[in-house]
Amino acid sequence: MLRSRNINAPLNNSPAGPRPIAPNLNLFQFQQSGRLGGNVVFAGVDQHSLKHLQIFAGYIRMDLRGNADSATSFAESGTSDRGEIARPSWQATHQVLVFSNYALPRGVNLSFQFNAASGQPYNVTTGFDNNGDGVFNDRPVFASVPTGTAAVPVYNTRFGLLSPEGSGSSIGRNAGTLPWNVHLDSNLSRSFTLPHVAGKEGRSLAVNLRSTNLLNHNDVLAVGGVLGSPLFGQAYQSDPGRRIEAGLRYSF
Numbered sequence: 001m002l003r004s005r006n007i008n009a010p011l012n013n014s015p016a017g018p019r020p021i022a023p024n025l026n027l028f029q030f031q032q033s034g035r036l037g038g039n040v041v042f043a044g045v046d047q048h049s050l051k052h053l054q055i056f057a058g059y060i061r062m063d064l065r066g067n068a069d070s071a072t073s074f075a076e077s078g079t080s081d082r083g084e085i086a087r088p089s090w091q092a093t094h095q096v097l098v099f100s101n102y103a104l105p106r107g108v109n110l111s112f113q114f115n116a117a118s119g120q121p122y123n124v125t126t127g128f129d130n131n132g133d134g135v136f137n138d139r140p141v142f143a144s145v146p147t148g149t150a151a152v153p154v155y156n157t158r159f160g161l162l163s164p165e166g167s168g169s170s171i172g173r174n175a176g177t178l179p180w181n182v183h184l185d186s187n188l189s190r191s192f193t194l195p196h197v198a199g200k201e202g203r204s205l206a207v208n209l210r211s212t213n214l215l216n217h218n219d220v221l222a223v224g225g226v227l228g229s230p231l232f233g234q235a236y237q238s239d240p241g242r243r244i245e246a247g248l249r250y251s252f
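Numbering of the sequence shown is given in the working numbering, commencing with residue 1 and proceeding in unit increments.
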């Protein structure tokens, strides 16, 4: 996979440290040094034998690990890959899919689309560029004591005691996980054939009632990942809630 790297990052992970090419200069380069691998398992059931009911159900399990999410992904350090092997940020480890269609009496058609996916990973960062590589993706380090100082505080988080600076090992990339997302959409429709008019093709009127996120589930899209931020660990973006639409379509 393609990923990005600062080829002139400070060699000692200090903003004032020596650089391999020129001082005080960041040189970002695309490199084919990203890796991604793992297993994907799919199991599904497809049913079309019944006259009034058609259904498809599937389960997907993705177990992938890599050191890059995209071509613009940077490692925390320009000189090391320590802690970079992790789940890609777009991976939902578990996903359940169900599509069904019911042919009801009087020409009424009812369909459902259900999708449930485990939460995607997100990165936990300090919000600072402590190592001077020009990228603000430095990750907190694990602290050994629950108290810090005014300059270097320690936070008690669900990941353990974390500090924006220190000599401990840093937390791994994409250590956080979003909540499960659950979507259920439905559509109820019926078509009516209108009286034929001489010299014109057949006319029809379709009526439908559609709902998205029928369960009104809170599908979180983003959680604060900057240590020390007021939104750290809190959801601040989600998909829209339940929405119901009615429609008419006239064909002539």
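Mixed in with the good hints, there may be bad ones.
As the list claims (entries may be wrong) - Computed spacing ranges between beta-carbons, pair by pair:
no.	residue 1	residue 2	range
1	R65	H183	20 to 28 angstroms
2	Y122	H183	13 to 21 angstroms
3	F42	L110	37 to 45 angstroms
4	F192	G233	46 to 54 angstroms
5	S100	A151	35 to 43 angstroms
6	I85	I60	53 to 61 angstroms
7	T177	A151	42 to 50 angstroms
8	F99	S169	31 to 39 angstroms
9	S169	E245	45 to 53 angstroms
These aren't lab readings, by the way, just hints derived from the structure by calculation.
Backbone N, C-alpha and C define an ideal beta-carbon position, used for all residues, glycine too.
Assuming the hint says 35 to 43 angstroms, is it satisfied by the Cβ distance from S100 to A151 or not?
violated (59 angstroms)
Starting from the hint 31 to 39 angstroms, judge whether the C-beta atoms of F99 and S169 obey it.
Given about 45 angstroms between the Cβ atoms, the range is violated.
Cβ distance range 53 to 61 angstroms for I85 and I60, holds or violated:
violated (22 angstroms)
Distance restraint evaluation - Y122, H183, Cβ atoms, bounds 13 to 21 angstroms:
For H183 against Y122, whose Cβ atoms are near 20 angstroms apart, the range 13 to 21 angstroms holds.
Can you let me know if the beta-carbon spacing of R65 and H183 is within 20 to 28 angstroms?
For R65 and H183 the Cβ distance comes to about 27 angstroms; the hint holds.
C-beta pair F192, G233: status relative to the range 46 to 54 angstroms that was hinted
holds (53 angstroms)
At the C-beta level, are F42 and L110 separated by a distance inside 37 to 45 angstroms?
violated (27 angstroms)
Could you see if the CB distance from T177 to A151 stays within 42 to 50 angstroms?
violated (31 angstroms)
Note whether the CB distance of S169 and E245 lies within 45 to 53 angstroms or breaks it.
Holds - the Cβ-Cβ distance for S169 and E245, about 51 angstroms, lies within 45 to 53 angstroms.
Going through the hint list in order, the structure does not satisfy hints 3, 5, 6, 7, 8.
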